[in-house]
Structure formats: C-alpha cells, structure tokens
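Protein chains in written order, with our numbering: chain A, 1 to 439; chain B, 1 to 309; chain C, 1 to 283.
Accuracy of the hints is not assured; some may be wrong.
Unchecked claim - Below, computed lysine to aspartate or glutamate pairings styled on DMTMM-like, alpha-carbon distance capped at 25 Å:
id	chain 1	residue 1	chain 2	residue 2
1	A	Lys68	A	Glu424
2	A	Lys246	A	Asp375
3	A	Lys294	C	Glu70
4	A	Lys286	C	Asp39
5	A	Lys190	B	Glu49
6	C	Lys169	B	Asp171
7	A	Lys428	B	Asp171
8	A	Lys219	B	Asp169
9	A	Lys330	C	Asp39
10	C	Lys173	B	Glu24
11	A	Lys73	C	Asp228
12	A	Lys436	B	Glu24
13	A	Lys185	B	Asp169
14	A	Lys330	C	Glu41
15	B	Lys74	A	Glu424
16	A	Lys246	B	Asp169
17	A	Lys185	A	Asp175
18	C	Lys188	B	Asp171
19	C	Lys169	C	Asp182
20	A	Lys68	C	Asp228
21	A	Lys291	C	Asp39
22	A	Lys226	B	Asp77
23	A	Lys59	C	Glu41
24	A	Lys428	B	Asp169
25	A	Lys219	A	Glu167
26	B	Lys70	A	Glu424
27	A	Lys286	C	Glu41
28	A	Lys370	A	Glu167
29	A	Lys330	B	Glu24
30	A	Lys327	B	Glu49
What the hints contain is simulated information worked out from the structure, not anything from laboratory work.
If you're wondering where the values come from, they're calculated on a predicted model, not measured in any experiment.
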Amino acid sequence: MAKTKRRSVLKLAGGAAAASMGGMAAILASGRMPAFAQQRTVHWLKWVDFVPATDTLLKREMMPEAEKALGVKMNLETVNGNDLQPRITAGIQSGAGADLIMSFNSYTHLYANSVVDVSAIAEEVGKREGGILPYAKAICSNGKVYMGMPWAVIGGMIAYRKSWLDEVGVTKFPDTWDGYREAAKKLKAKGRPFGQTLGHTFGDAPGFTYPYLWSWGGKEVDASGKVVLNSKETLESIKFMQGLWKDGMDEGGLAWDDTNNNRAFLSQTISATLNGASIYIETLRKPDQYKTEKGLPMNKDIQHAPLPKGPAGQFGFHLLQSNMLMKYSKNQDAAKEFLKWIHTEANYRKFFESQKGFATPCTAKWESDKLWDVDPVMAPFKVAARLGQAIGNAGPPDAKAQEVLSKYIITDMYAKAVQGMPAEDAMKWAEAELKKVYV
Amino acid sequence: MAVTALSAAESKRLSPRLRKLEDERWLAMALLAPTAILLGLFIAYPFFEGVLLSLSSARVGDPGHFVGLKNFHKIWDDSIFRTTVWNTFWYTGVTTVFKLALGLWLAILLNRHFKGKAIIRAFILLPFIIPTVLSTFAWKWMFDPTFSVINWSLFQLGLITTRINWLGDPDLAMTSIIIINIWRGVPFFAITLLAGLQTISPELHEAAAIDGARPWARFWHVTWPLLMPVTLVVVLFSVIQTFADFQLVYVMTGGGPANATHLFATYAYQLGIGTGLLSEGAAISLAMFPFLFVIVVVQLLYIRRVETR
Amino acid sequence: MIEGALWRRWVFYNIPLILFVFVLLFPFYWMIVTTFRPDGELYLPWNAPNYMPFWTNNPTFEHILYLFEETNFARWMFNTMFIALVSTVISLFCGVLAGYALARLNFPYAGGLGTAIFITYLVPQTLLFIPLAEIIRNFQLGDTPWSLILTYPTFLIPFCTWLMMGYFKAIPKELEECARIDGASRWKAMVYIIIPVAVPGILSSGIIAFTLSWNEFIYALVFLSSPDQKTVPVGVTSELIRGDVFFWGPLMAGALLGSIPVAIVYSFFVEHYVAGLTGSVKG
C-alpha cells in the first residue's frame, strides 16, 4: 500500500510538473486553460465522517467499485464539516470545484440558484423505499424541485455514563430540565460535570440550543415569517440556561467545537453530552483504549437518552445531510449516474451498516431494518429522521432560516447570556439579528 | 540623477531598438511594465471590483443589484461588527506595544559579543519564519481546554487549582491570541532593531558616559532618538500585518467564543465565504482600508518629520 | 555595555536572554514531542497523575506514517514548493526591474509610481480575496496552482521592489557611468554590471519572498479546492481536523514537516534574510 502510494505520489509529482510546464505554454499561447483528458470524472465533496470506518469503506472499496461499474473516475474528498459552506461559496464563486457537494440542513435552500434539480432521482428512490420522510422533504425540496438528494440524518442524543449517574442516585436519565440540572449539579460537585458546546459548530451546538429553545416554547418566527423570538418563553429558557451552566456544565464548553465534547467524554472529564453516536461507536472501535476508572470497557457504561422535556414538549434537531449537484459542474450526467448507483439498496446498505446507526436514512423502509436490533444502546437513534424538527420554526426551513443558523444567532444568544449578559439583553440582541435576516 | 547621455555619435552606432532603450522613459516603462500589469490586474482591478461588490446585494450564486451604501449601514448597525472593530484595534494596539518593548529589550540583550551569538540570532527568528498556520496549531494544542500543557505546568507549580479556560473565556481568548501574536512578532522587531542599534556608534555612548549620564539616560537621550526611524518603519509594517491578520485567529478560535476574537478579516470571511453573503463580506473587508490608510499616512508623516530633523 | 560583577551579567543579560530563547522556541519543541508521542500518551487530561508532558519514553513514527499514507501531504509539499519557487522567480524578475527603474532612472511620475507600489502593499489579501475569487473564475484558474502563482506576486513584488530600490540606490553611480563610457548600452550596463553587484540584495529578496509564499493562507484557502491541489498550510488545516477524534499527532507531524523546508532554506541564507529584513526597514 505504501509503495503504491509513493509511486503514485512521484508519478503525480512528475506529471504535475510536466503538465504545469506544458500548461503554462499553452495558456500563454492560447489565453485559455488547456482541455484535459476526456475521461468523465465525478468529484464528490463530503464531510469527514464522524465514523472513520465509513470513509475508509467509501474510499477503499466503494469508489473503486463505482469506477468499474460506471466507467467514471471517482474523486472523493472529505473536509471538516465546518468547511463545507466556505467550499461551496468558493466553488460557486470561482466556478470550479466539486461536482457533488454534501449539504447540511438548509444549505439546499440557500444555494438553490446554483444547483441542479435532482427530483427524478429522489422520487425514484422514494418510491422504492416507502417514501422520503417529511423532514427530509421539507429541507431538500422547495415544493417544485429537489435541490439536494437526501442522504442521511445524523441523530443527536445525550450520551451518558450510566455508572456515574447511578452513583449520585439518578437511575434513569432525567426527562425534565429541572431533573437534568439537578443531576448535572450533583455530578459537577464530584468533578464530573455535563458538557455542552456553545461555540460556533455546525453540529452539537445547534443540536442542543434549537430543541432547547423549542422545548420551552420559544420560536424564531411564526408561520407568516414574523420574528417572534422575543417572548416570555424564550426569556425563561435563557435564565434557566444561565443557572444550568454555572451549576452543572463544564464551563470550557464555550470554546468547544464538535470534537471537544467527544474527547472530554472519552477522557472521562464529563459525564454526559449531546452528541451523535460517535462517542459510543469510538469506544466500540477501541475497547482496550477506552476503559472506565474501574478498568472496565467504557462502551458497557454508555447509554443514550433524548433531550429532556420542557414546558412546551420534547424536541430534537437532527442534522440532515443531502448531496447537491452543482450547476457549474461539467460532469452532471456522470454525477447523476453516481447518485443513482450509490442509492441502490445494495450499495446504500453498505454505507448504512458501516455507520452502525450513527446515520439514519431518510426513507421509511430503513426504520424497520434489523440493524437497529443488533445493539440496544443504539436503538433510540432509529427514529431520528422521523422525529426531527427543522430550523426556522415555526416557519419553513428555508434560506433565511439557514442564514440564521450559519450566523449562529441562537447559539450566540445563549453563549452571551452564560458569559454574563443579562437575559433580556441577550434575547433582544438575537431578536434584532433575526429581524435583519427576516427582513 | 541620470547617467550622462551618450554623445550623438555613439547613439548612431546603436540599432533603433536599442536607441529606444536609451531613452530613459522607454526603458523605465519597459522595466515597470511586468509589475504594472500584475499589480494592476490582481490588485487594482479586484479592489475596484470589491468596491462595486460592496455596493451591491450580491450573494453566492446571485449577482444582485446596486444598493448603494446599504451594506455599510447594515454592518455599522451590526453589533458583531462593532465588536470586531474594537477587537481589531485592541489586538493591534496591545500587541504592537508589547512587541516593541520586548523586541527592543531582546535587541539590547543581543547587542553584545558572546559565544553562540550567531546561532541564537538565527534560531530566534524561527517563530517569524515558520508558516503562521503551523506554529499556531502548536499553540492551539498548548492551550487546549482539556489537555493544555500550560495548565499542567501551572498546576504542578501550584499556581492554579482549576484549569484556566484559555480559549473558552472571551477575555482569555483574546489574551491568548495576543500572546501568540507577540510571540511571533518579537523576533522581527528584535532583529531589525538590533541592526538599528548596531549602526549607533559606540563612541556616542562612551561620550555620554564620560559626561556622567546613567544607563537609562543614555538610552533615552542617545539610543532612542537614533533608533526612531527604524522603529517607526518596523512598527508600520507590523501594524499593517496585524490589523489585517487572518490566519492566527482563524486557526485558534475561528473568531469565537461568541465573536470575542473576530477581526475584520475573519468576520469578512465568515460572512462572505462562510454564509455566502458576498456583498456584506466585501463591505467589511473594505472597511479596513480607511483605517489602514489613516494609520499609515500618520506614521509616514511622522517618519518624514523624524528623518528631516 | 555594562561591565561589572558576574552576577550582574547573569541577572541582567543571560537569564533574560535564556528566558526569551526558551519562550520563543518551546512551541517547536512541543511540536516535536507531540509528533513522536503515541496516542495513548497524548490524550491524558491536564491534571492526570503520572503525566509526563515534556518527554516520551515510547517514541513512535505512526503519526508521520499516517500523514503520508492517509493524506496527500507529499503532494501538498510539492505544490507549495512549486508555487513558492515560481512566485519568487516572477516577483524577483519584476522587483529587480522595477527597483532599478525607480532607483536609477529619471522619468516623470517616478515618485508617484513608487508611492503607488507602496500603497498596493497596504491592500491586504483579506481585502481582496472575495472579488479576486471572481476574477480567478473568469480566467478559469480556479483550483489550479496558477491562481496562486499569479496572485502571490501582488504582495511579493512591492516588497522586492522596495528592497531592491534600497540596494540599487546604494550602488555608486560611478560604476554605471564607467560602463557607459566604455560603450555599453544602458540595458547592458544594467544586466552585466549593476545586477551582479546587487546579487546579495536579490538573494535577500528571494529568501524573504520564498518564506512569505509559504506563509500565505487565505488565497490558497479560497482559490484551491481539490485535495491534491492544496498547499501545506491549507491541507494541514482542512484535512487533519477529522471528525470527532482530533488527530493531534498527525497534525503536529504535519506542522513540523511543513516547517522544515522553510527552516532549511532559511538556515542556508540567514545572513541574507537578516540583511534583507533590515535593509527593507532602512530603505
């Protein structure tokens, strides 16, 4: 493996040098970029999967298979999730880049002008698999076209250390916010706080703050698009968060990105955190490395629970991933063929199984798949795609809602409050920012 | 001052093309042409385009239309932008003062003869040479909330009992990036100030010493004024670079926590490239320019005044 | 220079100097230690017992191997080197010519042009990157090394010009006049007499330009997208932050190895680098 890598690196290096020299001459001569070989290629840009096994599977097995099956050169690239949006912008701005780009949540709406309609593929897959779930449909389609092909939903649940909660007398994970705060308080006193990020992350921060806001009855906008964030319910939620943060949370959480809570949990400095299933899956992957302080494998001590109920109900905000086919792409047909290929049951199943339940597919039939019966610890995740509520509530999850998300307004509202800003002011600040978007 | 022109006889001997080159103006144009083309194409033109962009409502994938100064009004109202302006000035101001003070101190320390001087001088420039992104990662690891080696050291020394939240607390985060910027800039200041110090003839110091001046007075009345021109130029370079800084903040904090460390450049990037609001991002970038211009003009005037004194 | 007791020397000079050197170099040491430290030792929290951060007894090459096998690191090094070299050559070419013109030739607007070139130095990359992306697209240079090779000179040329102006100004006119009297054309005088004398200045400009190219980030971040086109700073930033498990080992390895070429080149030309830096400040 290493030898071929080295050889291909050298080949690339030599080829690149030659191509560049030739390229320079050609550019100077013709004033245009030289035309490259005619082979069709598809460049797929996706996030670095939080389950490393999937990326390995895709890169080492599935891409070569696709190449053989479709006669197309596949170029799979993975980037940090936070970098997807900049890449999309840079690609659209410079008119060159990946053909298929993974979208989070409502990027599909935000970039609707720059993508190709993939309804044909979506509808075919939906028909085959019991229908595309409403959550995915609302995000990927604007009623007329599908801006993205739904890929998967990353469910977020609270991962917690059963034995530690038992030690402070909490035998079932609290399902009210008061119970949550009590438990966190007791555990923080023992040096094992709960941990949550309030930083600028695409996953864990909104995954916590949005459903938290909704569970108290707070909303960004009403159905007609009027900003209704400034409300008694929102204020309550902020005040509670301020208390909760001091009492029970790891205060470093303000600086955390989506990886910090994983590391904190795995190095046993926190006892519970909202996350995708990646923490648990990591402990399954390396049972010898992750042991509890008593010497037992940590994966036996981890359980999952949904976010607690608030006065207005219990909610979850799960990350929806889809794939957008960019308008600037010169390989649109090949890309469509690839999408169809990877969504065939046999191929998609490989992806699904490598995720071990970290990702929930967007069509109805996978919910009853036997994968969910394998490990009871993962069972809560199977309904993520069905139960998720989307951003921009109670309006549609459209470009404006995505802009609010991309600007981290809701997360910042809580972040400011826990740093000392009075709750009223934080709420007013967020309201003003929202009004600028929902103009 | 031009070199004397050739006599008529000599010019006749040359071919017409070479004769053209003799004409200074033609030669100058020919020599300056490559520079002018490159800079015109990739600085002047984009600058102009950037101004147009900031006056439009462009978003990614949507060229938008002319909206006048609306973007500038919007960002002026934006509390995050105001925080950014404050952050940038504070960051630039504090780091420059410390870089100058520490750099000068280090230059004085190096301004002697001792064994290994050349090696030390070579090594201390490393923070400045190494690509900023890479050295910033080393610092990020050193400040990590859970695994910080700095926290470990302070803990072992008994100076702290709970961990210092370097990157999670807004003020500490700003302090952290200030520390790294100072770390990176001190060598630059030190080496250039050292060169400046070395041009000050020792006789001046001896003369002052003979006259009874104490070390501090010697420094203040002899060294400092003579060092002023070099100091001002170094400060000028440093201020420009620091004001427009991007890499350090992008890697360390991304502008957080809660926008506490956003600078012009990082906020422009987040809005323009991250969220796709190109026109607003361009407006923020452009907002840098007047401030930079004023700072530079003031310093240039000061330099000119000092030099003609 | 303070003469005097030994303790004075130590307290006022040597100890502060040692502290400075320690603080300036410690992060690099940290990089090195982390690169060779196995994962099991890396992720111990700051107050864990038996934690030995400054040394490891089990050095490992696994991070470096990971870097080369799982990422395009070698390709990034090649890209960065290529881009830096070509940009430096272009900038030197333009800078030497422009510096000579501004320093030695008499023509209208000389002062104005000099100021104009200086002003372009004031325009930071972070101001231009958004509109430049569009221009790069119009030239169809997106995602190719040429997008950088043609744009890096924008901040390298002003610096080179400025530096070379200083060097050229310092060369006595007599040298050129002698050559002219001997019958050489202006062009020949420039190429055969002046430039060879200014070689130290050219070397200095070249070294500084080279290190500045390696240090550029935002253009590379925005104009390049494919993993095999990236430069080292962009590659390390975007591809070694992988998922939930932060790959600090390979990240530090990437930072370390990415710094080495610049450090090596610099170490050969320290004198010239320092001379260039100080020359630009004086000039």
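Right, here's what the structure says about each hint:
Between the alpha carbons of lysine 68 (chain A) and glutamate 424 (chain A) the distance comes to roughly 60 Å, so the proposed pair goes past 25 Å and is violated. This hinted pair does not check out: lysine 246 (chain A) and aspartate 375 (chain A) have alpha carbons roughly 35 Å apart, beyond 25 Å. Under the criterion of a C-alpha separation no larger than 25 Å, the hint pairing lysine 294 (chain A) with glutamate 70 (chain C) is inconsistent with the structure, at around 35 Å. For the proposed pair lysine 286 (chain A) and aspartate 39 (chain C), the alpha carbon gap of about 12 Å is at most 25 Å, so the pair holds.
The suggested pairing of lysine 190 (chain A) with glutamate 49 (chain B) is violated, with an alpha-carbon distance near 58 Å, which exceeds 25 Å. Distance restraint check for lysine 169 (chain C) and aspartate 171 (chain B): the Cα-Cα separation of roughly 48 Å exceeds the 25 Å cut-off, and the hinted pair is therefore not satisfied. Between lysine 428 (chain A) and aspartate 171 (chain B) the CA atoms are separated by roughly 23 Å; this keeps the pair inside 25 Å, and the hint holds. Of the pairs offered as hints, the one joining lysine 219 (chain A) and aspartate 169 (chain B) is violated, with about 28 Å between alpha carbons and a cut-off of 25 Å exceeded.
Distance restraint check for lysine 330 (chain A) and aspartate 39 (chain C): the Cα-Cα separation of roughly 43 Å exceeds the 25 Å cut-off, and the hinted pair is therefore not satisfied. With a CA separation close to 15 Å, the supplied pair lysine 173 (chain C) and glutamate 24 (chain B) stays within the 25 Å bound. This hinted pair checks out: lysine 73 (chain A) and aspartate 228 (chain C) have alpha carbons roughly 15 Å apart, not beyond 25 Å. For a cut-off of 25 Å, the pair hint linking lysine 436 (chain A) to glutamate 24 (chain B) is broken: about 58 Å separates their Cα positions.
Proximity of lysine 185 (chain A) to aspartate 169 (chain B) is assessed by CA-CA distance (about 21 Å); at most 25 Å being required, the pair is judged to hold. About 47 Å separates the Cα atoms of lysine 330 (chain A) and glutamate 41 (chain C), which puts this hinted pair outside 25 Å; it is violated. Using a Cα cut-off of 25 Å, the hinted pair lysine 74 (chain B) and glutamate 424 (chain A) holds, with the two alpha carbons roughly 23 Å apart. For the hint linking lysine 246 (chain A) to aspartate 169 (chain B), the alpha-carbon distance of about 14 Å falls within 25 Å, and the restraint holds.
Restraint check: the Cα-Cα separation between lysine 185 (chain A) and aspartate 175 (chain A) comes to about 15 Å, which is no more than 25 Å; the hinted pair holds. Of the pairs offered as hints, the one joining lysine 188 (chain C) and aspartate 171 (chain B) is violated, with about 60 Å between alpha carbons and a cut-off of 25 Å exceeded. A threshold of 25 Å between alpha carbons decides the hint, and for lysine 169 (chain C) with aspartate 182 (chain C) the separation of about 22 Å falls inside it, so the pair holds. Simply put, lysine 68 (chain A) and aspartate 228 (chain C) have alpha-carbon atoms about 22 Å apart, close enough for the 25 Å limit, and the pair holds.
Of the pairs offered as hints, the one joining lysine 291 (chain A) and aspartate 39 (chain C) holds, with about 15 Å between alpha carbons and a cut-off of 25 Å not exceeded. At most 25 Å may separate the alpha-carbon atoms for a hinted pair to count; lysine 226 (chain A) and aspartate 77 (chain B) meet this at roughly 20 Å. With a C-alpha separation of about 29 Å, the suggested pair lysine 59 (chain A) and glutamate 41 (chain C) falls outside the 25 Å cut-off, and the hint is violated. For a cut-off of 25 Å, the pair hint linking lysine 428 (chain A) to aspartate 169 (chain B) stands: about 22 Å separates their Cα positions.
A C-alpha spacing of about 37 Å is found between lysine 219 (chain A) and glutamate 167 (chain A), which places the hinted pair above 25 Å, so the restraint is violated. Under the criterion of a C-alpha separation no larger than 25 Å, the hint pairing lysine 70 (chain B) with glutamate 424 (chain A) is inconsistent with the structure, at around 28 Å. Under the criterion of a C-alpha separation no larger than 25 Å, the hint pairing lysine 286 (chain A) with glutamate 41 (chain C) is consistent with the structure, at around 15 Å. At roughly 34 Å between alpha-carbon atoms, lysine 370 (chain A) and glutamate 167 (chain A) are farther apart than 25 Å, so this suggested pair is violated.
At roughly 50 Å between alpha-carbon atoms, lysine 330 (chain A) and glutamate 24 (chain B) are farther apart than 25 Å, so this suggested pair is violated. Restraint check: the Cα-Cα separation between lysine 327 (chain A) and glutamate 49 (chain B) comes to about 24 Å, which is no more than 25 Å; the hinted pair holds.
Hint check: violations occur at hints 1, 2, 3, 5, 6, 8, 9, 12, 14, 18, 23, 25, 26, 28, 29; the rest are consistent with the structure.
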